[in-house]
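Student: Heads up: the protein sequence lines correspond to chains A and B, in order. The opening position of the first sequence corresponds to residue 964 in our numbering, with each subsequent residue numbered one higher. The opening position of the second sequence corresponds to residue 14 in our numbering, with each subsequent residue numbered one higher.
Don't take every hint at face value.
[What the hints assert, rightly or not] Think about it this way: if two alpha-carbon atoms lie no more than 25 Å apart in a straight line, the pair counts; the simulated SDA-like pairs of lysine to any residue are:
#1 A/LYS985 / B/MET53
#2 A/LYS985 / B/GLU114
#3 A/LYS1020 / B/PRO119
#4 A/LYS1064 / A/SER1045
#5 B/LYS37 / A/LYS972
#6 B/LYS81 / A/ASN1057
#7 A/LYS1064 / B/VAL102
#8 A/LYS972 / A/GLU995
#9 A/LYS1028 / B/THR111
#10 A/LYS972 / B/THR111
#11 A/LYS1020 / B/ALA15
#12 A/LYS1036 / A/SER1069
#13 A/LYS1064 / B/GLU57
In case anyone wonders, no lab produced these hints; they're calculated from the structure.
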Amino acid sequence: AQRVTQPEKLLSVFKGAPVELKCNYSYSGSPELFWYVQYSRQRLQLLLRHISRESIKGFTADLNKGETSFHLKKPFAQEEDSAMYYCALKTGGNTPLVFGKGTRLSVIA
Amino acid sequence: DAGVIQSPRHEVTEMGQEVTLRCKPISGHDYLFWYRQTMMRGLELLIYFNNNVPIDDSGMPEDRFSAKMPNASFSTLKIQPSEPRDSAVYFCASRQGTIYEQYFGPGTRLTVT
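Looking at chain A on its own, in the form it has when it is part of the complex (with noise of 0.2 Å):
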């Protein structure tokens, strides 16, 4: 079965340090992988999905067929930056998105 790995729940950084969300997936074809964000009190919205290959708000993600993995990074964090991020993998043209567990990211001061 399709399955998303996220094994950080809480990831805590300073500002200005570098961040690594981890993310693995389980899928033997050709997978998409997304990362959605989540900010307090808003709703979840697409960061960056790994056939545009951009970065976005700095943030960048690798996709590694070899280790299936797919972490976001961002080499300098910014207090907006704490929100909910999510890793998402779709298997199919017509499938929905699987969803990790989700890691907390919190940025301090």
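Position chain B against the provided structure of chain A, taking the given hints into account.
Tutor: Just chain B now, kept in the frame of chain A:
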């Protein structure tokens, strides 16, 4: 566009009562998803529809849960009877076709006492 609309935003009810959550997807979107968010389980897919037809309801926890989509602009998730363990945030999301992103509603926070 107001995005995906959910109502109510908050619902507090007593155990045994019927609860109905409502969702209006983005106009033109042909997929609709219901998710449940809890601290322990994160975001779980309950059911999803394509062109108003339920495609996969394997995530619906029990027969107490039911969902309908009578037309392209409205869906309901009903819990009858409700139990305290149903307390969670319920999200509705919609998507256009198969290649675009899922857009989420603001969620309904359900508390069953």
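Student: Now, for every hint given, state plainly whether the structure supports it.
Tutor: Tested hints:
no.	hint	result
1	A/LYS985 / B/MET53	18 Å, holds
2	A/LYS985 / B/GLU114	21 Å, holds
3	A/LYS1020 / B/PRO119	22 Å, holds
4	A/LYS1064 / A/SER1045	17 Å, holds
5	B/LYS37 / A/LYS972	31 Å, violated
6	B/LYS81 / A/ASN1057	19 Å, holds
7	A/LYS1064 / B/VAL102	14 Å, holds
8	A/LYS972 / A/GLU995	23 Å, holds
9	A/LYS1028 / B/THR111	22 Å, holds
10	A/LYS972 / B/THR111	30 Å, violated
11	A/LYS1020 / B/ALA15	24 Å, holds
12	A/LYS1036 / A/SER1069	14 Å, holds
13	A/LYS1064 / B/GLU57	9 Å, holds
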